[in-house]
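A.B. asks: As a plain string of letters, each chain reads:
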Amino acid sequence: MPLDFDGARLPNPHCGEEHEAWRTQLRRFIDNEIMPFAEDWDEAGEIPADLWPKAAAVGLLGLGYPEAYGGTSESIDSWHAWITQEELARIGAGGIPASLMVHGIGLPPVLNWGSEEMKQRVAPPVLAGEKHIALGITEPGGGSDVASLATTAVRDGDTFIVNGSKTYITGGMRANWVSTAVRTGGEGAKGVSMLLIPTDAEGFSRTPLTRKQGWWASDTATLYFDNVRVPVDQLIGPENQGFWVIMTNFNSERMAMAAGMEAMARVCLEEAVAWARERRTFGKRLADHQVIRHKIAQMKQKINATQAYIRLCYESIETGTANPGDIALLKVQASETVEFCAREAMQILGGIGFMRGSRVERIYREVRVNAIGGGSEEIMRDLAARQYGV
Amino acid sequence: MKVLVAVKRVVDYNVKVRAKGDGSDVDLNNVKMAINPFCEIAVEEAVRLKEAGVATEVIAVSVGEKPCQEQIRTALALGADRGIHVEAEGRIEPLVIAKLLKGVVEKEQPQLVILGKQSIDGDNNQTGQMLGALTNMPQGTFASEIKVEGEKLNVVREVDGGLQTISLSLPAIVTTDLRLNEPRYASLPNIMKAKKKQLDVYSPADLGVEVTSHITLVRVEPPAERQAGIKVEDVAQLVDKLKNEAKVIS
Numbered sequence: 001m002p003l004d005f006d007g008a009r010l011p012n013p014h015c016g017e018e019h020e021a022w023r024t025q026l027r028r029f030i031d032n033e034i035m036p037f038a039e040d041w042d043e044a045g046e047i048p049a050d051l052w053p054k055a056a057a058v059g060l061l062g063l064g065y066p067e068a069y070g071g072t073s074e075s076i077d078s079w080h081a082w083i084t085q086e087e088l089a090r091i092g093a094g095g096i097p098a099s100l101m102v103h104g105i106g107l108p109p110v111l112n113w114g115s116e117e118m119k120q121r122v123a124p125p126v127l128a129g130e131k132h133i134a135l136g137i138t139e140p141g142g143g144s145d146v147a148s149l150a151t152t153a154v155r156d157g158d159t160f161i162v163n164g165s166k167t168y169i170t171g172g173m174r175a176n177w178v179s180t181a182v183r184t185g186g187e188g189a190k191g192v193s194m195l196l197i198p199t200d201a202e203g204f205s206r207t208p209l210t211r212k213q214g215w216w217a218s219d220t221a222t223l224y225f226d227n228v229r230v231p232v233d234q235l236i237g238p239e240n241q242g243f244w245v246i247m248t249n250f251n252s253e254r255m256a257m258a259a260g261m262e263a264m265a266r267v268c269l270e271e272a273v274a275w276a277r278e279r280r281t282f283g284k285r286l287a288d289h290q291v292i293r294h295k296i297a298q299m300k301q302k303i304n305a306t307q308a309y310i311r312l313c314y315e316s317i318e319t320g321t322a323n324p325g326d327i328a329l330l331k332v333q334a335s336e337t338v339e340f341c342a343r344e345a346m347q348i349l350g351g352i353g354f355m356r357g358s359r360v361e362r363i364y365r366e367v368r369v370n371a372i373g374g375g376s377e378e379i380m381r382d383l384a385a386r387q388y389g390v
Numbered sequence: 001m002k003v004l005v006a007v008k009r010v011v012d013y014n015v016k017v018r019a020k021g022d023g024s025d026v027d028l029n030n031v032k033m034a035i036n037p038f039c040e041i042a043v044e045e046a047v048r049l050k051e052a053g054v055a056t057e058v059i060a061v062s063v064g065e066k067p068c069q070e071q072i073r074t075a076l077a078l079g080a081d082r083g084i085h086v087e088a089e090g091r092i093e094p095l096v097i098a099k100l101l102k103g104v105v106e107k108e109q110p111q112l113v114i115l116g117k118q119s120i121d122g123d124n125n126q127t128g129q130m131l132g133a134l135t136n137m138p139q140g141t142f143a144s145e146i147k148v149e150g151e152k153l154n155v156v157r158e159v160d161g162g163l164q165t166i167s168l169s170l171p172a173i174v175t176t177d178l179r180l181n182e183p184r185y186a187s188l189p190n191i192m193k194a195k196k197k198q199l200d201v202y203s204p205a206d207l208g209v210e211v212t213s214h215i216t217l218v219r220v221e222p223p224a225e226r227q228a229g230i231k232v233e234d235v236a237q238l239v240d241k242l243k244n245e246a247k248v249i250s
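Note that the protein sequences, when read in sequence, are chains A and B. FYI, the numbering for the first sequence is 1 to 390, going by the numbering used here. FYI, the numbering for the second sequence is 1 to 250, going by the numbering used here.
These are computed hints drawn from the structure, not numbers from a lab. Any given hint could be a false lead.
Said to hold, decoys possible - Over the 10 angstroms line for every Cβ pair with chain B, so calculated as not near, a few chain A residues:
#1 Gly59
#2 His80
#3 Ala287
#4 Lys300
#5 Asp382
As the list claims (entries may be wrong) - DSS-like cross-link-like pairs, simulated, lysine-lysine; straight-line CA separation at most 30 angstroms:
#6 A:Lys300 x B:Lys16
#7 B:Lys147 x A:Lys54
#8 A:Lys190 x B:Lys197
#9 B:Lys193 x A:Lys119
#10 A:Lys284 x B:Lys20
#11 B:Lys20 x A:Lys300
#12 B:Lys20 x A:Lys54
#13 A:Lys284 x B:Lys193
#14 A:Lys54 x B:Lys195
Don't be surprised by glycine CBs; every beta carbon is placed ideally from N, CA and C.
Bound conformation, chain B alone:
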């Protein structure tokens, strides 16, 4: 079984994100970038399927500018067999990524596509679902456990109020939730070996996709800073402030 895993380059989760001075975007200058944590979980799950003898090949794909090859290399160091980089400039929105991934799916014909449920930068939570719609493949989103049984894939989903188990026909799409697994560390020997693994580069045109944009980013601003507290004089003032300023009692 061939498994395709999508990985996205995002600002490292340890970095305190700052907005640019003019509010036009997030400031990415000299910021440490990393593989999106949910995508890392997706890679780990695919590699575990391979180690269990269920998957035969794991392909990591990323859409973006040239530096996102670093994140593909991370996936290769974690155990993916080869990489595909779809080189696209600028801000790519989920629908376009889903169309590009559909192109890769058609080329590679994987039995299973695993994606992160969302990326920690855009928090869109759309790409996996859109890919499902475009490819007509069944989807199991927010997965906390997956198991291949013959031609079926059982997915335990994290839904409001508990867990839901669904059975999908393969080929299928899975998006990962936080508790699916704990990704391993890429070891030094595997980091060095990853350099030699195959990495193919496609343009959107190779996949028959035109990169378009339906969304305009209007403004990025940091959350409002918390105001300094004050000391109240007495209980009466406290009650007054809670009633009329904080409006938490009536």
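Okay, chain A solo, but in the shape it has when bound:
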């Protein structure tokens, strides 16, 4: 059994002909339009603006969104989503999908909770790759503790006056809108609302966060709101119900991240095995040394377990029986798997893995952003314990 990216994927009986057709076309698109440039874009800290319309044309940006707003949702299921995350992670430069697909966290609040006027105005240009939307939750004063956020939106007639700041915002430099968590009420979760803030509003400013461990291609930003006036009809969902809007967003984000992390682990396996079969030390291939063989087997073991767990969670989503605790722990399972595989692949690659310019080297640097972003491992375990009623 080959241990390359495709060979190391367990069979999935839910995937049929049209799923594989999508994988084939998406891979062609990525291999031609992204892969050859991934390293340069990552080093440059930016992806070109024309990648968004190209990704829209192939159907990538609209996957899973309603046709009425320019998406493709008919007959689309979790397996299309899984394939998409896998193929994007295969690039091995996480900043590219993080930035390219950031509407995946910014847009659902609008589509699930926004007014029809808001959906019509925002979704079509975003799904066409012409405009961009980001999600603004984390603040300089705290991230995981969403209920304690400090950015305020004070009602003044027909507008809110927004003051505060958001940081580590993926896609923040390019965003035309930010789905922003603000405090409209009292302390705690019940005082939080979601507000759609246009970035051309007076009093809005932003600075890039360029010196990151990984995800260099992503336009991560800190956002500042200085008496920004936003009409009250730009609330996403009811006032003071923002906490639930945010929470409902997390499951799909965590599934996407878990799927991406497992695929990144498989990239590490693929690269490590290819090198171990080629490189000779002490008169035999690396792959013939027991210590290396065990590393490879252990990587595959963890990858297998993560794949099976991902499939189980997607199956539960398909049948409407998903448990947020299981999904939270899946994210931990996936980040621990990619952490392990990135480490072991680096050990097998040796000096060549330490040099910049390989997928494994980048993935090694992007373990932490995956283990922390979208809910840290610690928060995930705590959430699961609460879900299980411990």
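Following the hints, put chain B in place on chain A, whose structure we already have.
C.D. replies: The following block gives chain B in isolation, referenced to the frame of chain A:
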């Protein structure tokens, strides 16, 4: 103008092809299959003719076992309007495929038939030419550019030493070379729509063709593996090896 495009299911060009252990054939077990790249170029050209308002309908046809419907669906996702699957078992040789395609041509009466110049598995480069002979249609092979002008089709052909432009009377047959176009990506919405497009299945008997075989596949073996190199002791040994072993100097 109706355009018929032939597509073939082959081993994906990214796959490293392996021979079976007993040398009886190529090992197709668990191997990713895809539309033959030259056929994909043929589909793209037909779809462009339709988008330019020259063609009115594009029909994709494939000959083979049931799974080749996947490649017809790929053609439909790329923009073909409907598909025809001629279901035939086993290894079908070019002459039989050409006869089956002739049957489809007689049923559909296309003004233009576009085929890949060859498939990347058999590398026969025969089917288009045989179809030309069987149907008495003029052929423009190895096309790098085609243009319909009234009842004529101008074809720029890639020939040894340059390009040759010929003018054919329609209906005609074209086989594609690599530089005719760059096929597009089938978009997700088009992949989903392709599922609903019409796909008719014929048997060889429906087309009045008996599947016969004139060729016996004797043996398939991988290219010889390159031997490991050696370090020569001195120039004299190098010259000796180049003369007597490699025989590249005398």
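A.B. asks: The structure should be examined with respect to each hint, and the outcome stated for every one.
C.D. replies: Checked hints:
1. Gly59: Contrary to the label, Gly59 of chain A does not stay out of reach of chain B, its closest Cβ about 3 angstroms off (not over 10 angstroms).
2. His80: Since the minimum Cβ distance to chain B is about 8 angstroms, His80 of chain A lies within 10 angstroms and the statement is violated.
3. Ala287: At about 18 angstroms from chain B, Ala287 of chain A clears the 10 angstroms cut-off, so the statement holds.
4. Lys300: holds, 17 angstroms
5. Asp382: Fine: 37 angstroms to the nearest Cβ keeps Asp382 of chain A off the interface.
6. A:Lys300 x B:Lys16: holds, 23 angstroms
7. B:Lys147 x A:Lys54: holds, 28 angstroms
8. A:Lys190 x B:Lys197: violated, 51 angstroms
9. B:Lys193 x A:Lys119: At roughly 25 angstroms apart (the allowed maximum being 30 angstroms), Lys119 of chain A and Lys193 of chain B satisfy the hint.
10. A:Lys284 x B:Lys20: holds, 27 angstroms
11. B:Lys20 x A:Lys300: holds, 27 angstroms
12. B:Lys20 x A:Lys54: Distance of about 41 angstroms is beyond 30 angstroms: violated.
13. A:Lys284 x B:Lys193: Not OK: Lys284 of chain A and Lys193 of chain B at ~53 angstroms, beyond 30 angstroms, violated.
14. A:Lys54 x B:Lys195: holds, 23 angstroms
The structure does not agree with the numbered hints 1, 2, 8, 12, 13 stated previously, though it agrees with the rest.
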